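Engineer: This is what each chain is made of:
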Amino acid sequence: MLNRLFVPLAVVAAAMFAYAPFMILNAPYEATMGLVQKIFYFHASAGMGLFLAAFVSGIGSAVFLFTRKPAADRVAVAGAELTVMLGLIVLVTGPLWARKAWGVWWQWDARLTSTLVMWMIFNAYLLLRRYGGPGSDRLAAAVSLFGMANVPFVYWSVNVWRTLHPTTSVIPSLKPGMRGPFWFCVVAFLLVSTLILMVRTELEKRRQELDELYLAVED
Amino acid sequence: MIKKAVYALLLVAVLGGTPAFAQTTPPKTPTAGQDDFVPVSAPINANDTIPAPRLVAIAYGFIWVVLFGYLWSVRSRLGRVEREMETVSRRVSAGRK
Chain G
7 MLNRLFVPLA VVAAAMFAYA PFMILNAPYE ATMGLVQKIF YFHASAGMGL FLAAFVSGIG
67 SAVFLFTRKP AADRVAVAGA ELTVMLGLIV LVTGPLWARK AWGVWWQWDA RLTSTLVMWM
127 IFNAYLLLRR YGGPGSDRLA AAVSLFGMAN VPFVYWSVNV WRTLHPTTSV IPSLKPGMRG
187 PFWFCVVAFL LVSTLILMVR TELEKRRQEL DELYLAVED
Chain X
87 MIKKAVYALL LVAVLGGTPA FAQTTPPKTP TAGQDDFVPV SAPINANDTI PAPRLVAIAY
147 GFIWVVLFGY LWSVRSRLGR VEREMETVSR RVSAGRK
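Protein chains in written order, with the working numbering: chain G, 7 to 225; chain X, 87 to 183.
Treat the hints as calculated values from the structure; they're not laboratory data.
From a predicted model like this one, the values you see are computed outputs, not experimental measurements.
Even for Gly, the Cβ is constructed at its ideal location relative to N, Cα and C.
Watch out, some of these pointers could steer you wrong.
[Stated by the list, open to error] Derived DMTMM-like pairs: lysine to aspartate or glutamate, alpha-carbon spacing no greater than 20 Å straight-line: (1) K211(G) x D121(X); (2) K181(G) x E168(X); (3) K211(G) x D122(X); (4) K211(G) x D115(G); (5) K75(G) x E215(G); (6) K181(G) x D115(G); (7) K181(G) x D121(X); (8) K75(G) x E208(G); (9) K75(G) x D217(G); (10) K211(G) x E170(X); (11) K75(G) x E218(G).
[What the hints assert, rightly or not] From chain G, some residues computed to sit far from chain X (all C-beta separations above 12 Å): (12) L122; (13) R135; (14) P140; (15) R144; (16) L145; (17) V193.
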């Protein structure tokens, strides 16, 4: 079922990514930030994908810790790698926007710092998986749970602490000219994130099958 | 089983509840562009020292490079694993003969 859906969904995602720049170009400028605010469309969408990926990894890790099912572990690894990739996009595009809007590349405020911490936790997860040796899968799963626990803090940080970063009220209050392109980009990012999760999970499955094959050869 | 379910519920309660408690701090003063975006028809401050078009182009270029680079990396890793599986499978079947 998933394999049959993959190619049509990939075509839709590619078409959406090709069309998104035209929608963003036609969206109105923001009154105080001007052109640079247009980074928002992909930056915030990548941020939503980041939260989704962190939840996928955290939930997969929780299921793996409680049930020891390899399938859950595969999903957790895929989610963690996607979190790192989307986190890199968020953490690079954010400062590019900030340099123009705030006059600085980086500010150690709650949103930026908590996002960086979350990104580093998922990097730690991947490093543990790569170099941790036997048993590191369970330790890494616990690390992923801590990473997922950061998501609510990252989300609400802008509303709770005084920060330079726009608050969460920006998205519900978007004006019609900005709302359409933004949600279009969000759907494109969530779709491409889902497809990447599918392919990355498949890669992890094949790796486990290869390990089993090597064990069969040794026997 | 019940013990595990209780642990899971406690974990969800802690993760979901903490930010709600943290929201009791006094509200901050809103600044322009922070609580809502106001649309205008033309860009402002066209003579700024760092041109916004360059920053926007770098941001979108970076996103495309990372996304497609990552997709290419996953695809090539998948291809490598599949080739290795074929080689090992051949060795296994040759060993059985």
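Engineer: A separate judgement is required for each hint: does it hold in the structure or not?
Structural biologist: To see whether the hints hold, each was checked on the structure:
For the proposed pair K211(G) and D121(X), the alpha carbon gap of about 44 Å is over 20 Å, so the pair is violated. Proximity of K181(G) to E168(X) is assessed by CA-CA distance (about 49 Å); at most 20 Å being required, the pair is judged violated. Taking the CA atoms of K211(G) and D122(X), the gap is near 44 Å; set against the 20 Å cutoff, the hint is violated. As the CA atoms of K211(G) and D115(G) are separated by approximately 40 Å, the hinted pair breaks the 20 Å bound.
Under the criterion of a C-alpha separation no larger than 20 Å, the hint pairing K75(G) with E215(G) is consistent with the structure, at around 15 Å. Distance hint between K181(G) and D115(G) is unfulfilled; the C-alpha atoms sit about 27 Å from each other, more than 20 Å. With a C-alpha separation of about 13 Å, the suggested pair K181(G) and D121(X) falls inside the 20 Å cut-off, and the hint holds. Of the pairs offered as hints, the one joining K75(G) and E208(G) holds, with about 15 Å between alpha carbons and a cut-off of 20 Å not exceeded.
Distance restraint check for K75(G) and D217(G): the Cα-Cα separation of roughly 16 Å lies within the 20 Å cut-off, and the hinted pair is therefore satisfied. Taking the CA atoms of K211(G) and E170(X), the gap is near 14 Å; set against the 20 Å cutoff, the hint holds. Proposed proximity of K75(G) and E218(G) is supported: the alpha carbons are some 16 Å apart, at most 20 Å. Every beta carbon of chain X lies more than 12 Å from that of L122(G), the smallest distance being close to 17 Å; the non-interface claim holds.
No beta-carbon of chain X comes within 12 Å of the beta-carbon of R135(G); the shortest separation is about 14 Å. Consistency note on P140(G): stated as away from chain X, and its beta-carbon is indeed over 12 Å from all of that chain's, at 21 Å minimum. No Cβ of chain X comes within 12 Å of the Cβ of R144(G); the nearest lies about 15 Å off, and the non-interface call holds. For L145(G), the requirement that its beta carbon stay farther than 12 Å from each beta carbon of chain X is met, with the minimum near 17 Å.
With a least CB separation of 15 Å from chain X, V193(G) remains clear of the 12 Å interface cut-off, as annotated.
Going through the hint list in order, the structure does not satisfy hints 1, 2, 3, 4, 6.
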